[in-house]
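Protein chains: 2
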Amino acid sequence: MLSDSRTSAGVDNVTIHSKMRIYEVRGQRMFCLLTSGNLSITQSVISLLERDIQEAKEDPNVDTLLNQTNFLETVHYVGQRLRDVRRMHAEALDRAGISFNSNFILGGQIENQPPEIYQIYPEGNAIHASTESPFLQIGELKYGKPILDRVFTSTTSLAEAAKLGLLSLDATARSNLSVGTPFEMLAYRVDSLEVRHRIKFEANDSYLRMVCDRWQEGLIQLVHDIPELDVLKQ
Amino acid sequence: MLSDSRTSAGVDNVTIHSKMRIYEVRGQRMFCLLTSGNLSITQSVISLLERDIQEAKEDPNVDTLLNQTNFLETVHYVGQRLRDVRRMHAEALDRAGISFNSNFILGGQIENQPPEIYQIYPEGNAIHASTESPFLQIGELKYGKPILDRVFTSTTSLAEAAKLGLLSLDATARSNLSVGTPFEMLAYRVDSLEVRHRIKFEANDSYLRMVCDRWQEGLIQLVHDIPELDVLKQ
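Same order as they appear, the protein sequences are chains A and B.
Residue numbers for the first sequence follow numbering that gives the first Met the number 0, so the first one is 0 and each next one is one higher.
Residue numbers for the second sequence follow numbering that gives the first Met the number 0, so the first one is 0 and each next one is one higher.
In short, the hints are calculated from the structure, not lab data.
Be careful, since some hints might not be right.
Chain B regions said to be covered by chain A (calculated; three or more residues, Cβ under 8 Å) [unchecked claim]:
| id | segment |
| --- | --- |
| 1 | 38-45 |
| 2 | 199-211 |
| 3 | 215-227 |
Which stretches of chain B does chain A cover? Using the computed rule of at least three CB atoms under 8 Å from a CB of chain A, they are [as the list claims (entries may be wrong)]:
| id | segment |
| --- | --- |
| 4 | 113-119 |
| 5 | 170-182 |
Glycine included, C-beta positions come from ideal geometry on N, C-alpha and C.
Based on the provided sequences and hints, a complete structural model is requested.
What follows is the structure, encoded as structure tokens:
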């Protein structure tokens with residue numbers, strides 16, 4: 000799970016907001032929620048999710064992110080909260096010609112159930128990753144997709160996936176000003192049911208810089224090593 | 000100059016149309032025009048350009064792509080023809096909620112003037128490439144931009160540029176069904192003032208396949224060779 004932290008409402012109004020939230024009951028369940036799109040919408044949804052968690056401390060009958068029986072129910076619960084926010088704001092946004100474009104990725108694991116990753120659409124419906132489509136992206140996704148399409152598979156190791164994620168996000172940040180560091184990463188090991196590796200990469204982070212520099216040099220060399228078209232040889 | 004050949008009006012209506020036109024007066028001037036966006040619009044513009052060239056055979060006072068005094072005037076001429084088509088169709092398209100999204104790239108050279116590349120916007124205005132921004136893209140551009148951003152510079156050789164173009168377009172074709180082979184390439188050598196290398200790459204072209212296979216293998220190796228994050232080492 001990897002996100003950038005840049006939010007823009009026009010190029011003269013760029014701010015830094017984390018787009019990653021983690022909710023866990025250590026040893027029992029762990030969720031990581033990534034958000035994209037309109038910040039006021041995503042913040043409202045997060046507020047509702049966290050209000051429910053607070054309320055459930057008094058009243059265990061309140062539905063929360065942390066007390067559903069399985070992952071799909073948890074996704075439905077988040078989708079329902081997204082619809083609640085939509086109901087509140089959609090009409091006014093429509094009138095202003097602003098689209099309701101907030102997408103979420105929810106990844107994690109519940110007890111001994113399999114780990115899952117879902118993308119939740121602005122309408123509250125959802126899709127999950129699979130062996131054939133092993134990654135999900137939201138937000139400014141096109142720049143960073145080719146490297147994942149070419150290299151990322153369902154058998155890619157966690158450490159390789161971390162490199163690929165950073166390269167994909169760095170490609171996006173280079174091509175689009177609205178995406179930028181700090182990058183936040185959660186590297187979750189299946190069945191650990193706890194957050195061990197939550198890592199924040201600032202622009203000058205030595206690992207991030209090394210990965211990107213090696214990549215840049217490697218790509219130039221790689222293109223150079225491919226034989227030239229015969230007719231274009233000097 | 001490089002283009003794909005796929006035109007789609009929905010996934011159930013995908014056809015193959017060349018998006019590259021070449022106009023030359025051998026030894027005097029050479030232009031290559033790439034098109035993107037609504038096919039009926041780009042075809043209309045092309046028709047007007049070619050009608051003018053025909054008419055100028057009878058009446059040399061007719062403005063054409065091939066008789067302007069310099070490149071900028073040529074770009075203005077194309078922009079004017081684009082506006083003519085816009086005037087004809089914009090109202091009907093607006094009513095149907097279809098945006099007038101046709102973009103053009105015009106590259107080439109006139110006599111002993113410097114070679115140039117311009118992007119012409121749907122409104123008929125234009126920008127040109129420069130030392131700092133040495134490439135232009137139109138259409139489905141995001142997937143293929145990172146590799147150009149990382150590797151392509153104003154000093155890249157023609158043969159390297161050809162490889163980079165194929166890799167950029169192949170990245171786009173892999174990530175987006177609406178982009179596909181055959182790819183058409185014009186590799187123009189400055190001051191030649193003629194078309195020597197116009198090359199069509201079908202999906203099974205041996206050079207295209209070799210470039211893409213080497214790239215795929217190289218990328219996997221490159222990611223693999225980058226050191227892992229310490230905390231994720233097994």
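Failing hints, ascending?
-> Of the numbered hints given earlier, those the structure breaks are 1 and 4, listed in rising order.
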